[in-house]
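Kindly produce the complete structure, drawing on both the sequences and the hints.
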Amino acid sequence: MWIYDKKLEYPVKIKNCNPKMAKYIITQYGGPDGELAASLRYLSQRFSMPTEEARSILNDIGTEELAHLEIVGTMVHQLTKGVPADVLEKNGLGAYYADHDHAIYPISAAGNPWTAEYIQSKGDPIADLYEDLAAEQKARATYENLINLADDPDVIEPLKFLRAREIVHFQRFGEALRIVEDKLAQKKFFITKPEFLKKRE
Amino acid sequence: MIQPTLDICNMLYNNPAFFTGPKLAHAYVPFQQLVCVYPPMKGLERGTIFPELDRPFGIDPEYTADA
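Those protein sequence lines, which keep their order, are chains A and B. All residue numbers for the first sequence refer to this note's numbering, where the first residue is 1 and numbers rise by one. All residue numbers for the second sequence refer to this note's numbering, where the first residue is 1 and numbers rise by one.
Calculated from the structure, these hints are not laboratory results. Just to be clear, a hint being listed does not mean it is correct.
[Said to hold, decoys possible] Straight line, CA to CA, 30 Å or less: simulated BS3-like cross-link-like pairs of lysine-lysine:
#	chain 1	residue 1	chain 2	residue 2
1	A	Lys138	A	Lys81
2	A	Lys81	A	Lys7
3	A	Lys20	A	Lys122
4	A	Lys183	A	Lys198
5	B	Lys23	A	Lys15
6	A	Lys20	A	Lys198
7	B	Lys42	A	Lys7
8	B	Lys42	A	Lys6
9	B	Lys23	A	Lys81
10	A	Lys193	A	Lys183
11	A	Lys138	A	Lys13
12	B	Lys23	A	Lys183
13	A	Lys90	B	Lys42
14	A	Lys183	A	Lys122
15	B	Lys42	A	Lys13
16	A	Lys122	B	Lys23
17	A	Lys138	A	Lys122
18	A	Lys183	A	Lys199
In structure tokens:
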């Protein structure tokens, strides 16, 4: 169950269209280290986590990644809004326009459509959490590359915000990993004999 | 809540005695302790309310452009 707030987590108000930048930024919508992959990765992995803390962290961060997905979608939309087909074509978006017009579709910067192959849900909480830590670093690196490609403060400010969130998420996943590893390392012992063992005697 | 006027926010994490007993074949992130938080509007602007997690790109030496 979710509750939707009809506003962006961070405001996006891009005054000048820039289809070339849109072609790069869309990779954080539907690319290998993008927000769609992040949200579905965490929201899928949460079911097999062994502690309530780990389930909650994955649930909360997966939810926030959906909020980031709509920020990135909004950025791509504003960067291409009203741009004529010939200008899109000159900026490398001719093939995108042919299939999707001015719509938002989850692809990478190179044009590869989103695929579940970008994510894993392993059933092993240690393996999953290490993947999540790596995913946050890959997303941070991608946002830094996008900031290097951008020259408009209207574009750079939301990118900086999204990048900063990756660092906070890394910290939370690191804490979840400690909690899960400690739990798995605990020796199981019983203060009293449990009911299910008594019945078998 | 304490406002981050001094460098007390990072004191805890710069103390080598804080974290002991790492095991081989494990990666560790220390637990964050609640020390200082930014006011809400500054938190929105920075992308975090925690000064110790505020590591801006191009300014923080660990994250400089084209490192």
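Are the Cα positions of Lys42/B and Lys6/A separated by 30 Å at most? holds, 22 Å
Checking one constraint from the list: CA of Lys23/B to CA of Lys183/A, max 30 Å. Satisfied? holds, 15 Å
Proposed proximity, Lys81/A with Lys23/B (alpha carbon, max 30 Å): violated, 53 Å
Pair hint outcome, Lys20/A versus Lys122/A [Cα-Cα no greater than 30 Å]: violated, 37 Å
Is the hinted pair Lys20/A and Lys198/A satisfied, with a Cα-Cα distance of at most 30 Å? Roughly 69 Å separates the two Cα atoms, so the pair is violated.
Check the hint pairing Lys90/A with Lys42/B against an upper bound of 30 Å on the C-alpha distance. Not satisfied, since the Cα-Cα distance of roughly 40 Å exceeds 30 Å.
Taking 30 Å as the top limit, are the C-alpha atoms of Lys23/B and Lys15/A close enough? With Cα atoms ~52 Å apart, Lys23/B and Lys15/A exceed 30 Å; violated.
Going straight from one Cα to the other, do Lys138/A and Lys13/A come out at no more than 30 Å? holds, 26 Å
Would the pair Lys122/A and Lys23/B pass a check requiring their Cα atoms to be no farther apart than 30 Å? Within the cut-off at roughly 23 Å; holds.
Between Lys193/A and Lys183/A, is the straight-line Cα distance small enough, at 30 Å or below? holds, 21 Å
Does Lys7/A sit within 30 Å of Lys42/B, going by the straight-line distance between their CA atoms? Measuring from Cα to Cα gives roughly 19 Å; hence the hint holds.
Do the alpha carbons of Lys81/A and Lys7/A lie within 30 Å of each other, as the hint requires? holds, 19 Å
When the structure is compared with the earlier hints, violations turn up for hints 3, 5, 6, 9 and 13 and for no others.
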